[in-house]
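**Student:** Given next are the chains, with one letter for each unit.
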Amino acid sequence: MSLLSVKGMSVDIGQYSVLHGVSFEVPEGGVFVLLGRNGAGKTTTLRAIMGLWDPTPGSVHFEGSEISGLHASEIARKGIAYVPENMGIFGGLTVAENMVLATASGKYDGKRLEWIYELFPALKTFWSKPAGALSGGQKQMLAVARAIVEPRRLILIDEPTKGLAPSIIANMAQAFREISEDTTILLVEQNFAFAKALGRDMGVIEDGRVVHTGTMTEFAADAELQNRLLSLSGAEAPA
Amino acid sequence: MSGWVEKAGGVFLLPVLIAAVGFVLIGTPSSWLTLTVAGLSMGMMVFLMASGLSLVFGLMDVLNFGHSAFVSFGAFVAASVLAAMSGWLGSESWVLNLIALVLALMAAVGFGLVAGWFFERVIVKPVYDDHLRQILITMGALIVAEQIILTTWGGTPMNVPRPRFLEGSVLIGDSSIEIYRIFAFILGALVYLGLFWLLNSTRLGLLIRAGVENREMVEAMGFRIDRLFVGVFMLGSALAALGGAMWAGYQALITPALGAEMLVVVFIVVIIGGLGSIQGTLLGALIVGLTQNYVGFLAPKLALASNMILMMIILLWRPSGLKPAVK
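Protein chains in written order, with numbering that gives the first Met the number 0: chain A, 0 to 238; chain B, 0 to 326.
Derived contacts from chain A toward chain B, CB cut-off under 8 Å, selection only:
#1 H70
#2 A71
#3 G91
#4 G105
Please keep in mind that the hints were generated in silico from the structure rather than gathered at the bench.
Just so you know, even glycine gets a beta-carbon here, dropped at the ideal spot from N, CA and C.
One chain only, chain A, in its complex shape (with noise of 0.2 Å):
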């Protein structure tokens, strides 16, 4: 059985359908990356995933039980934490306020912290500054930290690379190789390299459809599928 299955999705978002009947399964450990050009509707996906829009047509079932239709609040809870594409960063608290509002009896495990610490250093560093203050790339660690600071059955990552610079995103690309060891990541992003290098499996969107899922070692061998369905060059490799 798959962690999640997405079954006939849609999204109307004012009088434009974003989503038309997106169906996927996410199948449990590891990396499933959703590819797709700009517009295609991924990050709608997620947020629809998320409970961020009404209720729509088609389920969303995780780990058997449907989830389609809950508060957002209520999805978390289930174990599912989401990082977006605009990171979601509370700038006028601390990365420790930040890191603590994302735990849910407002403690932490020590023996944890020091593992995000491990993967994110600079958080570390500067733990009692004001997240605002951080840059891009050390934003976007405290993002991915806050989803990871207590255990989650199913992480949903926006687009972790855009913007940073090549170091951060291997830095990001290793991180994501240790968090899914024991946590399932929904990966949305555009940068095929990154995308390459940790998926297991994945799909593509297209025009708020789904038009091609199967392992990822499958579709980075054919050129001419990813030509045809994403016209990528394979830039921004990781590290």
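Given the coordinates of chain A, assemble chain B onto it according to the supplied hints.
**Tutor:** Just chain B, lined up with the frame of chain A:
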């Protein structure tokens, strides 16, 4: 702003700067001291009225023009309790004075809590995410509230008795300072400290501050911001009612139009302070209080316009207000 000014307090130096300019222009230290205390106490009472509006604006992006209805109700409820306990108010015993005052303030706060809950559920909730309807329906609610006050308490201005222990003045040099003003300032300062502690030292406060910045992200982290909002709305309404109760004692004579009259001042304070920020609201309230009192003394004809001019100057300098919450 240059580094040393920021280190010295930044925009929080503004009230000090205004007070210094006021001192030079007024010339007489005793008049300046009287006006400064009057300005600070007025500022604190306006802070009480405005703080809830700022949080509601910041947290849920709700334009509540009916906020000043809580100010009016607070004033009239407190005035009624004080009138009913006039025997205790006039007693030689300051304990009885204090009990009567506390009961009046508690009645206003209690009314504010209940009315705030009702207002949020019935009036504001159906118009979330629609600013135009929020303006229309909350303005309508303010008019209805005024009419309810008119029906309940009548149109004749109502006398507000003060507790005996808050009557009179203390002399500092040649300055005569009303005790009530000192009390209003202390109460406002205590409420500010309480709010500061709530927002900065509790998990609830952390959620409110995060919600002001990014409501959706707080929900995506597992929290029901709409439930938090009801609580904040009730708190804001109760504070407005407390401010109204204190203002009633300050004015000594109140009319049903009190809330509508204060609405403009309260909005000016929230706008120049910066939406969603308690520190900004306090700063805005103190600046407005001081400016209005100094201008009222130096150029009485300009007193009415002084707040508007002040708002224009500050918004030209800082379009988001002096200390807005991070968005």
